[in-house]
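Undergrad: The chain contents come next:
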Amino acid sequence: MSSPAAAFDPGLSWRLHHQVAVRPEPFGALLYHFGTRKLSFLKNRTIVEVVNSLRDHPDARSACRAAGIEDAQQAPYLHALGVLAQSKMLVTGEA
Amino acid sequence: MTPTDSTLAPVINTAPPPVGQPVPRLVDQFERGLDAPICLTWELTYACNLACVHCLSSSGKRDPRELTTQQCKDIIDELERMQVFYVNIGGGEPTVRPDFWELVDYATAHHVGVKFSTNGVRITPEVAARLAASDYVDVQISLDGATAEVNDAVRGPGSFAMAIRALENLADAGFRDAKISVVVTRHNVDQLDEFAALAAHYGATLRITRLRPSGRGADVWDELHPTAEQQVQLYDWLVAKGDRVLTGDSFFHLSGLGAPGALAGLNLCGAGRVVCLIDPVGDVYACPFAIHDRFLAGNILSDGGFDNVWKNAPLFRELREPQSAGACNSCGHYDSCRGGCMAAKFFTGLPLDGPDPECVEGYGSPSLARERVKPKPSGDHSRSQPVMLKLLTTPPARLCNESPV
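Keeping their order, the protein sequence lines are chains A and B.
Note that my numbering gives residue 55 to position 55 of the first sequence, counting from 1, and the numbers run on in steps of one.
Note that my numbering gives residue 1055 to position 55 of the second sequence, counting from 1, and the numbers run on in steps of one.
Note that these hints are calculated values from the structure, not bench results.
We treat Cβ as the ideally placed atom computed from N, Cα and C, and that holds for glycine.
There may be inaccurate statements among the hints.
Away from chain B, derived, C-beta distances all over 12 angstroms, residues of chain A [as the list claims (entries may be wrong)]:
id : residue
1  : Ala7
2  : Asp9
3  : Gly11
4  : Leu12
5  : Ser13
6  : Arg55
7  : Asp56
8  : Pro58
9  : Asp59
10 : Ser62
11 : Arg65
12 : Ala66
13 : Asp71
14 : Thr92
Calculated lysine to any residue pairs in the SDA-like style (CA-CA distance at most 25 angstroms, straight line) [claimed, not checked]:
id : chain 1 : residue 1 : chain 2 : residue 2
15 : A       : Lys38     : B       : Ala1132
16 : A       : Lys38     : B       : Glu1031
17 : A       : Lys38     : B       : Asp1035
18 : A       : Lys38     : B       : Gly1174
19 : B       : Lys1241   : A       : Gln86
Based on the sequences and whatever the hints tell you, model everything.
TA: Next comes the structure, spelled out in structure tokens:
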């Protein structure tokens, strides 16, 4: 178990919690955490791509870049990732 | 943010759309329906040890056509393929099915989480310990009064004690965050604080939902549904103290009482769009409160499986079309309440494109006061009153002469 993310650090490596499932939807995706039983919505496909590819990148910023989001445009995406980290949908490192 | 739950699931955080271009509101997306329900209710059996006066499914006796264990497993396989994340299992009393725990285990092993509703009859210390060991099972104990007197008047003698024993067993076993599920009535609306205290005492979460005139509820709704003043009281309580309270999004008809968004949840009728109901014989209805031929979309066994019914049933396609506001068209609150609950209108004999019977503007009252034709139930599994047998003083002349009825 990783410690709860008090502040989201985009310089760290992040990935989906192993109990989280992603269901693609026309508007983006539904995320469901089987442990906390919480549901979350990803409201566009770019953020879905970022979330799905987090584990392939050393940190959140490079996952965003790989999805075609320039550094200057990353703020809202990093905010969205932070919200997901707060609800434990995302965890850091290899835990 | 505020937790809501389950017809529309606990939407704790909604990751915001991280782009400049306008994105359609989620509610608008949902109104057009999804490829699979977000969650669904599955009544596993019509058999029940209780006979609550407001039972949505008119349960009591098992239906001889109820799905077999294998048929249930096939449905679970299909739900897994469709990525339906969890099911709300109910009944009847689902735990009286001999294969209940087998099906729960099968579902969770196939990535379909389970929340089941029970009156507590089978939640022994052993069962509670077993439940505490699973991450994927959530338990909801039904309780309709914070005291035995109020509860048992609706749910039957001894039902309060049974529910409390179940809650004790769960707490003792270390099961965290069970749900206490309350249908709000005229007689328990003053007990909301007591319910919250009960929940806190057992380390549980309070869930309160709306009384629907469905099933046997049709017979008691007029006397049991909260008065107009009590609706306001309920709304105020939810806004003031509802932070940790689940509602299944069931009070969206009250959202016109305050500022938009004051009431947590999506405030949308999800029937046939993001939720539905599977009944014990495999019939699929638009929502758990609409067990009636009018809202029957199809049958899983005879209509090519759940996926096909969900995607192609004419009823569901119709529900995903834009709905007419009808008589509510000119009302300023229409955008927040959307005309209220379809099932509540239908079962009280009101037009579907008019105000909810509990419309906060009071627009439902004149229709309620008028002569109404309530729809006849299309199914009933209630146990009939026990037939008292007469003792014969002389033997019948022939064996067939004494009628048992």
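Undergrad: Against the structure, test the hints numbered earlier, and report the numbers of the ones violated in rising order.
TA: The structure breaks none of the hints.
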